[in-house]
Each structure stands twice: as structure tokens, then as C-alpha cells.
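Based on the sequences and whatever the hints tell you, model everything.
Chains A and B are the protein sequences, given in the same order. Each residue of the first sequence is one higher than the last, beginning at 170 in the working numbering. Each residue of the second sequence is one higher than the last, beginning at 170 in the working numbering.
FYI, nobody ran anything at the bench for these hints, they're computed from the structure. Some hints here could point you the wrong way.
Put simply, identical chains are the same to the list, so a pair is met inside one copy or across any two.
Unchecked claim - Straight-line C-alpha distance at most 27 Å; calculated DSS-like pairs for lysine-lysine: (1) LYS478 - LYS425; (2) LYS402 - LYS256; (3) LYS402 - LYS425; (4) LYS323 - LYS425; (5) LYS478 - LYS402; (6) LYS425 - LYS318; (7) LYS318 - LYS331; (8) LYS224 - LYS323; (9) LYS425 - LYS331; (10) LYS224 - LYS318; (11) LYS402 - LYS224.
Protein chains: 2
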Amino acid sequence: MLKSNGERLWDSLMQMAKVGATENGGNCRLALSAEDRAGRELFVSWCRELGMSIKVDRIGNLFAQREGRNGALPPVVMGSHLDTQPKGGRFDGIYGVLAGLEVVRSLRDQGIETEKPIEIAVWTNEEGARFTPAMLGSAVFTQVLPLEKALAIKDADGISMKEALEQSGYAGEEPLARAFDAYFEAHIEQGPILEDNGLPVGVVTGGQAICWLDVEVQGVPAHAGTTPMPLRKDALFGVGEMIAALEQLARDFAPKGLVTVGQLNIARSSRNTIPGRVAFTLDLRHHLDEEIAAMEASARDLIVTIATKRGLAVSVERHWLSPATPFDDACIAAVRNAVETLGYPHQDIVSGAGHDAIHLARHCPTTMVFIPCVGGLSHNEAEDALPDDVSKGCDVLLNAVLSRANRI
Amino acid sequence: MLKSNGERLWDSLMQMAKVGATENGGNCRLALSAEDRAGRELFVSWCRELGMSIKVDRIGNLFAQREGRNGALPPVVMGSHLDTQPKGGRFDGIYGVLAGLEVVRSLRDQGIETEKPIEIAVWTNEEGARFTPAMLGSAVFTQVLPLEKALAIKDADGISMKEALEQSGYAGEEPLARAFDAYFEAHIEQGPILEDNGLPVGVVTGGQAICWLDVEVQGVPAHAGTTPMPLRKDALFGVGEMIAALEQLARDFAPKGLVTVGQLNIARSSRNTIPGRVAFTLDLRHHLDEEIAAMEASARDLIVTIATKRGLAVSVERHWLSPATPFDDACIAAVRNAVETLGYPHQDIVSGAGHDAIHLARHCPTTMVFIPCVGGLSHNEAEDALPDDVSKGCDVLLNAVLSRANRI
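So this is what it looks like as C-alpha cells:
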């Protein structure tokens, strides 16, 4: 099996981390900012050294292509993103782009040509920190989000995507939605599972389903000092019971069901007023669509039951439902074959976070390769990964992509 | 037994309600505002018609005195406040002042003199809506709050009490903390108990103890999509269990124990982030000091136990403790005797809200007379009371004050 040059990859990661470096060791390269442009230019300079050609599409997605023996075939694409959170880390996204670069460098080192072209994609505004939604570039490329709508989206300063693309020089002409043979995205896990299990590589079988609900519970606000307990309609006591029941719901759907109440707001709250209206969000996740549906039904049922029992009015609205995204069997097999042949410890894993690969999976055969991140920490300046894991993940990517690129 | 003129009292209440009237039928007379001054002037004009003398102390508390046969004796004082919440009602405070006025009018009508002088007090800034804290004027009069400190307190526009008093013409010279024979405050209940029990009068035996705690629970913030349930330290799930246990605590101390979680904040909350830090307030009330101490101990114990079990860090700080305020036995007996002799249905009740009488109880023999308010509603433009209850409460005040004023 081929090996990549882990030290070179690490060096490139550390060089990229100097672009938009933050005080506490993290990175700030907001999408299409001067820092993001500088990061892209550094990447492009490395690609040009390899003789790769550069293309940019109309939403600023950047593609670096290495020719294949058969230029008529669609490319095998690797990639991720170079933009970061305002206080982001050095690996989230960047790893997938620079591992792709290291794959091409390794192929060149070893004089290996491929049947199909190989590309590295840098997707625009994956983080959603400057322009909402996240994964914007890949959504436009895969036509999940119409181009014109995306171009009109404005950042907090009122600057539109269109203006930001023109200002940064990344308003290109490459057509959207052109054919890919396959898409492979290497990424840090952004969770603690691989580290907890002591494994350097995760074979990603898909993205989990996500159901977001908005719950609002209405009781009667009243004076905390003058209202006897039996005469109260305390919305927060109702919500307390709901939260306890929702924690049990997660146990009922263990180990794959995830339940999070991330936001909770008491309307016009004061220390000595009985809460009259409480709103909270509910984030449900599972890797199976039928299970997410069952979780949603159970959550709705328990919320309404508790509210009704207490004489509280309640509304439960579905804010968003994203179905499970199974990745492509052949791509997963290519990754599994690579990691097994390399002899690296690994496990199957489902992606808990959103990634450009989730959009790409609707466009072409897709999968991902995960490596651990220290403490499961991400979207944080302290985000970190171990050089050995960085290296092993790239070896897996190299061999999986090579096999795909030569498969006729 | 004497009766007051309920119709006249109601008319005065409705005339006062025209001063600072709000669109939705409520009142806005913020302390020492032009509206508050106009309300005071209307009251003073009524008092002058009765030949009463007017005095103002250095924090703007206003006293209207009717002479007694023995001018050397300290006065029996009735009163409350004329200031309101920004969207306040027509009865909170005003009823206590104008019921006092009706008592004097009734005594005059019936040619009754008293041994001791009788006064009506209008306390400054009871609501705390313009200047914090609430019950400011009575706190200064009873020397709970030093005058100089109070004069320096500023409103939201940066205007100090001192400036507001000078601008309104209510910076007087009457000494603070002068002797009172007794203090009687009539007030709407601001809770639902009397209405729920169908009773026009409450014999108020004291003010309950209040314990305010600040709780902060610290877990680990993490990604809602990538963190398996067993690896989470979800601060909000811990708080959910605490809220459920605190609701049970109220049952353990039923019927007098009151428990309210009025405010809750998730630090840096987002829909798909596991809450890392949650702060909430806890309001505990009971009419007995030993029971409030037991409630606080139980609350602390259950909060720490739940946090510890879950591996969450927790802090519990006491924000404020106000001991129970037993009212004066002789004053309570005077009210009870009056209501029983009048034959009005009544019950003993503990004041759940703060009142000027709570401060006065530390200065002189004190009690209160409650009447129901519709739906228990207060601090609301829709605040309402029934004319028959308004009248009966005033009858009770009249006879209680008369007996006290003639008791040598």
C-alpha cells in the first residue's frame, strides 16, 4: 500500500494555520474575507507547483485538477473547506483540503498517473459563520440552493454573497453541478468517539438524520409571593418535567438516538414572577430515518401529555427535518479496503455534524474519512489533532482515491 | 359599628385613576413624575378640604394629619402609595391611601373626634419601577435605608432621587422615624386566595420570609450532533432534574411553602450545542423563619446531590434573605374585632408581596387589611377590585383605626 508524507502534510497544515491566526492558537478566516482569500491563494500556489489547473465556479467554489489518462472521464474529487469559525481551529475543513493536496503530492512523488482526473475542491462558506446557511457553496453546486438566492444572502454588515465574491475575485464561471465520479472528504470527527475508543480512523457510513422542533409552553404568569402552589400554571415547572422525560427519550433510543435542548427562553422573566411562557428548542438525531420519525413522535407525545396534565397550552413546530444520508457502498468499501490493507485500527462511524459531503452525497457517490480530534473539541481555537492520526487518515484517503481513480 | 361611604371611596378611586391614565384602563404614575405629582396634589386637595395639615419628609413621604384630642400622642397612621408600575392598575397602593382618606371623611361626617391624631401616609417610590429598590420611601423613614444613600440612587435616565425630589417640590423637612402609635395599611391582595375562597376581607397576620438563591451549573458544552449521550455533561439536563425536584420541594412544604424558578439562562446557547453552563434563580417563601431555613437547606442539598451525581460543578449563592415579618398582635386583634363585629366573611392571610407595612412593622405596631382583586391580577392595567369589597375593607379599616385611636 502507498503511504503519504505525513510530515509534509503536517507542515502544510501549520503553514495554513498562520493565515488568520488568532491569539489563542486558532484561526479566523471568515468566508471570502481577506484572510480566507489569503488561505485560498496559499493553497492555489501549492497546487500550481504540482502543475494542477485551477477553476472557480459562480459561487466561489475552487477546484484544482490533476489530469487523468482519460480526460473524458469525470474526476474523482477530494476536498472540504478553508473558511473557519470566528474563533475556529486549525483542522476543521482544512484537513480535508490539505490531505487532498498531500494525496496529489504523493502520487506525483511516486510517479503515479490515474485513469480519471483527480480534483481537490474548496467549498465556499461551509461554516455559515459569515453567510447563513452553512455548507452554502456545496449546496449551490449540488443545486440544493438556487444560485440567485445564494448570491442575495447578506452578511451581518449587509454585504451580499455576490458583492463578497466580486470583491474577493472568486466569482468564477465554471458550471455548477458538473459530473463527479466520486467525492471523498477527510475530516476531523468533531466528536469524542474515535478518541474514546483509541482508534485513528473512522469509516464514515453516512450522515445522521436531524429533526429540529420548536416548543412553546404557555401557562399563566403570576406573582411568586402571592400565588399558592395549587393555583399556579407554571410553564417552567412543566418544561422541567419535559426535559426530564426527553432525557429518558434519549435512553429509550440509545445508543444512536441523541437529544439536546440547546435553547430555552422564559418570556419577560423576572426573579419573582412565575414563568408564564417558556420556549425551547429540541434537537433530535439518529442515523435511521424510521428511528428519527419515532423519536419525533415520542417527543411530541410526551410534551403534549405533560402540558395537558398540567393545564398548560403547548405548541410543537417542526423547524427542520434533514433525512439520514447513507453514503455510497462502493466508496465506503474503497475506504474500508484501504484502512484494512494498511492495517490501521478503525471503526464504522456516522457523521454527527453537517459537512459538504452531505450535499455531495445527493450528487455523486460519496463518503468521508474521519480522524480523531483531541477531546472531541471543534469550533474552538484549542481544536487539535495528533500528527500520527493526520498521517494515517491521509494514507487511507490516498489509497481509497487511487483505487477509485483507476476503477474503469 | 360605623360604616364608611363606599360609593364616595369608589368615586375618589376613579377620579385618581384619571391621573396618568393609560390606554388600556390602567395607570402610569412613576414615582415623582409629573403624573405622580398630579396624583399627590389631587390627594392633598381632598385632605385640605377636610382641614388636615400636610407634612413632607426629606425622602418625599407625604403625611396628612387630622388632629386628635391629645396632640401630644403619636398618631395612628394609615396609608400606602400613589405611585404605580409603568403599566399599573388603579388599586395597588392607591386603595390604602384613599381608604385612609375615606376613614377621615367618615369620621368627619359622623362628628367623631379621636384621642390620638390620625394620619394618612403616602410613601415615596413604593413600586421600585423608577428608582430601585422598591418600598424606598418607607425604608428611609424607618431607617432601613440611609437617607444619603437613597438620595443618590438614580433612575434609568440618570436623574437622582435628590434631583427628582427637588424638581417635584417634594423635598420636605419633616423628621424621619418619628413615633407612630400604629400603622394600618389597606391593600388589594395581589393574589387569588380571597377571591378563590369567596371572602371580601383578609386579616393579615404578617409578611412571609423570602429566600433568593442564585444557582449556576457547569457542565461541558459540546456539539449536539457528534457527542454520544453517555459522554455528555449536559448542564440543562441536570437543571431539568433540579427543577422537577424543586417542584416536589414545594409539595413537601405545602401549603405555605412557595417555590419559583423565575429566570434561567443558558450561556452562549445555540440550537445544536449541548448546554455547558446554566444559571437559574430560585425564590423560596414561607411564613415561618424556621421553615424557610429548612426549605433553603433542602434546596441546596437536592441541587448539589443532583449535580454531583451527574459530574456537574455547581454553585449556590444566597442573593437575599428577608425574614418573616409577624404583624402586631394588638393591631391584628383590632382588625379581627372590626371584621367580626361587622359580620363580614374573612380569613387570616399572610402577605405574599412586599409592602411599606413590612418596613413599618419594624418601627411601630403594624398590620394590614386585604381585599380581593379580580383574578388575583396586579401590576397590570387590567387590575380590578369589586366596589363591595372596596367598601367592606374600608369599613374594617375605619373601625380598627378608630378603636386604636381612642385606646389610651
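Now the hints, each set against the structure:
| no. | hint | result |
| --- | --- | --- |
| 1 | LYS478 - LYS425 | between (30 Å within a copy, 23 Å between copies) |
| 2 | LYS402 - LYS256 | between (42 Å within a copy, 23 Å between copies) |
| 3 | LYS402 - LYS425 | between (35 Å within a copy, 17 Å between copies) |
| 4 | LYS323 - LYS425 | neither (36 Å within a copy, 55 Å between copies) |
| 5 | LYS478 - LYS402 | within (11 Å within a copy, 30 Å between copies) |
| 6 | LYS425 - LYS318 | neither (35 Å within a copy, 59 Å between copies) |
| 7 | LYS318 - LYS331 | within (10 Å within a copy, 58 Å between copies) |
| 8 | LYS224 - LYS323 | within (25 Å within a copy, 63 Å between copies) |
| 9 | LYS425 - LYS331 | neither (40 Å within a copy, 64 Å between copies) |
| 10 | LYS224 - LYS318 | within (22 Å within a copy, 71 Å between copies) |
| 11 | LYS402 - LYS224 | neither (61 Å within a copy, 45 Å between copies) |
In the structure shown, a violation is registered for the earlier hints numbered 4, 6, 9, 11, in ascending order.
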